[in-house]
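Chains as they are written, first to last, in our numbering: chain P, 1 to 244; chain H, 1 to 289; chain C, 1 to 323.
Everything labelled a hint here was simulated from the structure, so no lab data went into it.
Be aware that a few hints might be false.
BS3-like mimics (lysine-lysine), calculated; alpha carbons at most 25 Å apart, straight line [said to hold, decoys possible]:
1. Lys69(P) / Lys32(P)
2. Lys160(P) / Lys178(C)
3. Lys151(C) / Lys92(P)
4. Lys89(H) / Lys242(H)
5. Lys78(P) / Lys15(C)
Derived contacts from chain C toward chain H, CB cut-off under 8 Å, selection only [to be verified]:
6. Trp9
7. Ile111
8. Thr121
9. Val168
10. Val171
11. Phe243
Think of the CB as a built atom: it goes at the ideal place given N, C-alpha and C, for glycine as much as any other residue.
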Amino acid sequence: MSSFENILVGNGITKRFGGMTAVSNVSFDLRKGEILGLIGPNGAGKTTLFNCVSGFLKADEGTFTFEGKVINRFNPDKICHLGLGRTFQAAKNFPDMSMRENVRMGALFGQRDMTYAEAERLTDETIAFVGLEKYAGVAVPDMPLAMQKRIEVARALATKPKVIMLDEMMAGLNPAEVSEAMDLVRKVRDSGITVLMIEHVMKAIMSICDRIIVLHHGELIAEGPPQEIANNPHVIEVYLGGEV
Amino acid sequence: MDTFLLILINGCAMGSVYALMAMGLSTQYGVARILNISHGEFIVLAAFITFVVHTRTGIHPLICLLIACPLVFAISFLLHITLFKRVKKISPNMGVFEGNAILVSFGIYFIVQNMIQSSMGSAPHSFPFMMYPYTVGGVNIAASSVFVMVIAAIICVAYSVFLSQTRLGKSIRAAAQDPQAASLLGVKINRIMAICFGIGGLLAACAGVLITMREPFSSVSGIGYTTIAIIIVVLGGLGSVKGAILGGFIMGIAGYAISTFVDSVFMISAFYMIIMVLLVVRPKGLMGR
Amino acid sequence: MELVKKVFWETKAAKIQALAILAAFVFMMFIPSFSGAYPPLFLAWVMTYCTLSISWTFFSGKTGYISLATAAFYGLGMYLQAVIGREFPLGVTILLAALLAFGVGFGIGLITLRLRGIYFTIFTFGLALFLNRFFHWYEGVFTRTKGRFVKTFDNDMVFYAVLIVFIVTLVAILLMNKSRFGLSLTCIGQNEDSAQHIGVNTTLTKVLAFAISAAPAGAVGAAMISTVGYVDPDLAFRMLASFFPVLMAIFGGMFSTYGPIVGAVIFYVLQDYLLRTTNLYMVIFGTVMVVVVLVLPKGIFGLIDSMIAKKQRGYSGEVIGDV
Numbered sequence: 001m002s003s004f005e006n007i008l009v010g011n012g013i014t015k016r017f018g019g020m021t022a023v024s025n026v027s028f029d030l031r032k033g034e035i036l037g038l039i040g041p042n043g044a045g046k047t048t049l050f051n052c053v054s055g056f057l058k059a060d061e062g063t064f065t066f067e068g069k070v071i072n073r074f075n076p077d078k079i080c081h082l083g084l085g086r087t088f089q090a091a092k093n094f095p096d097m098s099m100r101e102n103v104r105m106g107a108l109f110g111q112r113d114m115t116y117a118e119a120e121r122l123t124d125e126t127i128a129f130v131g132l133e134k135y136a137g138v139a140v141p142d143m144p145l146a147m148q149k150r151i152e153v154a155r156a157l158a159t160k161p162k163v164i165m166l167d168e169m170m171a172g173l174n175p176a177e178v179s180e181a182m183d184l185v186r187k188v189r190d191s192g193i194t195v196l197m198i199e200h201v202m203k204a205i206m207s208i209c210d211r212i213i214v215l216h217h218g219e220l221i222a223e224g225p226p227q228e229i230a231n232n233p234h235v236i237e238v239y240l241g242g243e244v
Numbered sequence: 001m002d003t004f005l006l007i008l009i010n011g012c013a014m015g016s017v018y019a020l021m022a023m024g025l026s027t028q029y030g031v032a033r034i035l036n037i038s039h040g041e042f043i044v045l046a047a048f049i050t051f052v053v054h055t056r057t058g059i060h061p062l063i064c065l066l067i068a069c070p071l072v073f074a075i076s077f078l079l080h081i082t083l084f085k086r087v088k089k090i091s092p093n094m095g096v097f098e099g100n101a102i103l104v105s106f107g108i109y110f111i112v113q114n115m116i117q118s119s120m121g122s123a124p125h126s127f128p129f130m131m132y133p134y135t136v137g138g139v140n141i142a143a144s145s146v147f148v149m150v151i152a153a154i155i156c157v158a159y160s161v162f163l164s165q166t167r168l169g170k171s172i173r174a175a176a177q178d179p180q181a182a183s184l185l186g187v188k189i190n191r192i193m194a195i196c197f198g199i200g201g202l203l204a205a206c207a208g209v210l211i212t213m214r215e216p217f218s219s220v221s222g223i224g225y226t227t228i229a230i231i232i233v234v235l236g237g238l239g240s241v242k243g244a245i246l247g248g249f250i251m252g253i254a255g256y257a258i259s260t261f262v263d264s265v266f267m268i269s270a271f272y273m274i275i276m277v278l279l280v281v282r283p284k285g286l287m288g289r
Numbered sequence: 001m002e003l004v005k006k007v008f009w010e011t012k013a014a015k016i017q018a019l020a021i022l023a024a025f026v027f028m029m030f031i032p033s034f035s036g037a038y039p040p041l042f043l044a045w046v047m048t049y050c051t052l053s054i055s056w057t058f059f060s061g062k063t064g065y066i067s068l069a070t071a072a073f074y075g076l077g078m079y080l081q082a083v084i085g086r087e088f089p090l091g092v093t094i095l096l097a098a099l100l101a102f103g104v105g106f107g108i109g110l111i112t113l114r115l116r117g118i119y120f121t122i123f124t125f126g127l128a129l130f131l132n133r134f135f136h137w138y139e140g141v142f143t144r145t146k147g148r149f150v151k152t153f154d155n156d157m158v159f160y161a162v163l164i165v166f167i168v169t170l171v172a173i174l175l176m177n178k179s180r181f182g183l184s185l186t187c188i189g190q191n192e193d194s195a196q197h198i199g200v201n202t203t204l205t206k207v208l209a210f211a212i213s214a215a216p217a218g219a220v221g222a223a224m225i226s227t228v229g230y231v232d233p234d235l236a237f238r239m240l241a242s243f244f245p246v247l248m249a250i251f252g253g254m255f256s257t258y259g260p261i262v263g264a265v266i267f268y269v270l271q272d273y274l275l276r277t278t279n280l281y282m283v284i285f286g287t288v289m290v291v292v293v294l295v296l297p298k299g300i301f302g303l304i305d306s307m308i309a310k311k312q313r314g315y316s317g318e319v320i321g322d323v
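Make a model of the complete structure from these sequences and hints.
Here it is in C-alpha cells:
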C-alpha cells in the first residue's frame, strides 16, 4: 500500500475518558475513492473515533495522517479546511436559518478565500446535487428527519471535502429513505469524494461499502470486504450474533 | 509562625462561614439550577434580623438562628414556587431557564437590597460579642471566631448527615444527579427544587447570623458575599457540597492571608485573579465535578 | 465595498436604511444649534444606552453567551478619561478608551470563552466587581483618594462625540452582521459544534467579537464621564450597568439591530423619569426586571434555542478546543 493510495491513515489511536478506554490502539487506512464502513455494537467507540479524526476530541495516543500530513493536533476548523468533512449522529443544523442558509454557511466557511458570489454558486450546486431544491423555503426544524440529515450532508459537501465522514446517516429512516440515502452516498463517492461511514443499517452497509472495519470495546477486531466480514466468526459472535 | 497560626485559625473561622454561603448557593444551583445573585442579600437580611433582635432584646445571637432560618427559608421557598417555577414553565430548555433565572434573581437582588438599605441605611453595623481572647497554641484568638467556627462546623456536618441519611436528603441528591431519572423514581422534582432553593436560603441565613458575631456588615455587603460564594462554588465545582466546604476553607484562609499582608479591600479582586489563573492553568481540573 | 453595497444599496430596504441613518445623523448634528442646553445632554445619554445595548446584542444576542461585563468596559473608559483626559483631546481619549476596552475584552475572552454555558456568564459577572475592588484598593493605597476629578467638556461637544460613536457602532454592526464574521457568529449561536466543523475558527471568532463588542462601551464611558466631572470606583463599576443592556435588549427584542435601540430609548426615558420622581427607583427597576422576564418569555433567551446544544455539553463543563 503506497501512501498515495491511502488518503487517511490512523495509526495506533487510543482515546481514554477518565478510567475508561473508548478507543484502544486502533489502526486503519482509508483508500482514495472508496466507501469504508465502520461498524460495531453500541458503545464500541465508533463516534469517538470519528470525533478524534475530525479534531472534535484529541486522541491520547497515535497519529492520523491525512494526505501525508499529521493532523492530530489540529482543531476541527483547520481539519475541515484541509478537506475532511463530517456529519453528526444527531443532526446539528442551524435551526433558525433556512435550509439554503444552512448549506451556504458550509460553502462560505468551508474553504479559505471563498468569495460571496462563489459561495452562492456552490450552494445552489450542492443543493441540486443532494436533491433538496424543493425544501428551499421550509423551516429546518419542520423538515422530516431524512431531509434534516441530508442538510447535514449538504453542508459538509459544500465545504468541498476530499473525505466525508457520515455518522449514522441512515438511523431512524424508513426503507425507502434508506435506499435514497444509499444512492446519495454512491453519488457522493462517484463525484470523487472518499467516504467513511458509521452505520447500523446492515443491508445498506453490506451493499454499498467497498470495505468494512469492525470495532468492539474500542478495539479493531476485523477488517475486509463486506462478504468476508459477514462470514467472520468473530464478528458474528460479538456483533451480528448479538442481534439475531 | 505565630502569624501563620493566626492566619490559619482566623482563616478557618472565616472559611467556615464562607462554606455555609457556598453550600447554600451550591444547593440552589445544583438542584434548582438557579445561580442566585440575590443570595448575599438574604445573608444580609439574616444579619440585620440578628442585629435588631440582639440589640433590642439582648437575646443571644445564636438563638436568632431560630428566627432568621425559618423566615428566609420561607421567603426563598415562596420565591421559588411563585417566580422561578413560572420562569421554568416559560423557558423552553434548561439553558434558557438558567439565563432567565439569573436575571430574575438579579431583579430580586435589587428589590431586597434596596428595601434593606432604605430601612437600615448603608452604614456598617456590628455589636460586641465574645470579645475576650482565647489562647490556642500560644496565639490569642477572639473567642467569637472559635465559637463561629464550631457552630458552622456543626451546621455543615448536620447538613451532610441530612443529605446522606434522610429520605428527603436522598431525594435531593438523586435530583441533583439526574432530575429526569429521579422524577421517574417518584421524586416530586418541582417540590424538591423549591425545597432546595429554600434550603439555600436557610444556609444563607445561618451564614448571616454567624457573620454578625465576627465582623461588621452593611446593607451593601450582599453582592460581595454573593461573589465570594460564586467564586468558591466555581472552585469546588458547581453543585458539589463537599467542594463548597473545601473551597470555603481554602478561600477563607487565602482571604485572611490577603487581608493581613495586602488589604481586605483587595480580597475579592485577589479571589477573582486566583480563579482566572486556575482557569488558564487547568480549566478541566477546576471544572471537574 | 461589496459589503457596503449589500447592506446600504442593493435592495430597496437597504437604501431606505441608509437614507434613514443618514437623515437621522444630519438632523442630530443640528440639534444643539436650536435646542437649549439640556436636550443634547439628554440625547447623549440616550445614545450612550443605545450604544451599550447594540454592542452587547452584537455578541451576546448572536452567540447566546450572556456577557455581564458591560459595566467593566464602560467603567474602564471612564477611568481612562479621568487619568489621561487632560493630556489629550476628547476624540483621542475616546479612541484610546475603545482600544483599552477592546484589549481587555480580548484578554478576558481568551481566558473565559473556552468555557461554555453558565461559566462565561459567571466570570464576566465577576469582572466588574473585581475592577471595583481593585480600583478601591489601588486608589486607597497608592493615590490615597476616593475618587478623581475628570476634565469636563462642553455638553454639545460630548453630544457630538457620542453621536459619532453611536453612528459608527451602528454602521459597523450593520455591516458586520452581513459579513462573513457576523455570519460565523450566528452559526456559533445556532450550533457551535457544527460551526466548528464547517471551518469556523470558533474560539478566535468569539474572542474577537467579544472584544469588538467591548470597545463601544469603553468609548461612551470615556465620553459621558466628562459630563459628570468626577469618577470613583463605585460610580464607574456598577453591577447595574452590566444588566442594563440585557434588559434593554429584552425590552426591544434583539433579533434586529433596531430592537435594542428601541429598548434603550424606552428604558432610558423611563429611568430618567423614575429617578426624578421617586426614590424607589431601584426597587421598581428590580420589579421591572422580574416582570419583563416573566411576561416576555420569548425575550432574549427564549429565542436563543442554540443553547439546547450547549446544554448537552456545557454543564459538564467540557472545554472546547485547545488554545
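Hint by hint, here is what the structure shows:
1. Lys69(P) / Lys32(P): Holds, because 15 Å separates the two Cα atoms, which is no more than 25 Å.
2. Lys160(P) / Lys178(C): 23 Å, holds
3. Lys151(C) / Lys92(P): Judged against 25 Å, a Cα distance of about 53 Å means the pair is violated.
4. Lys89(H) / Lys242(H): Between Lys89(H) and Lys242(H) the Cα gap is close to 31 Å, so the pair fails against 25 Å, i.e. violated.
5. Lys78(P) / Lys15(C): 38 Å, violated
6. Trp9: 37 Å, violated
7. Ile111: With a closest approach of 6 Å, the Ile111(C) hint holds.
8. Thr121: Given a least distance of 7 Å, the restraint on Thr121(C) holds.
9. Val168: Cβ of Val168(C) sits 29 Å from chain H, so the hint is violated.
10. Val171: This hint is violated: Val171(C) lies away from chain H, its Cβ roughly 29 Å from the closest one there, beyond 8 Å.
11. Phe243: Holds - the Cβ of Phe243(C) comes within 8 Å of chain H, reaching about 6 Å at its closest.
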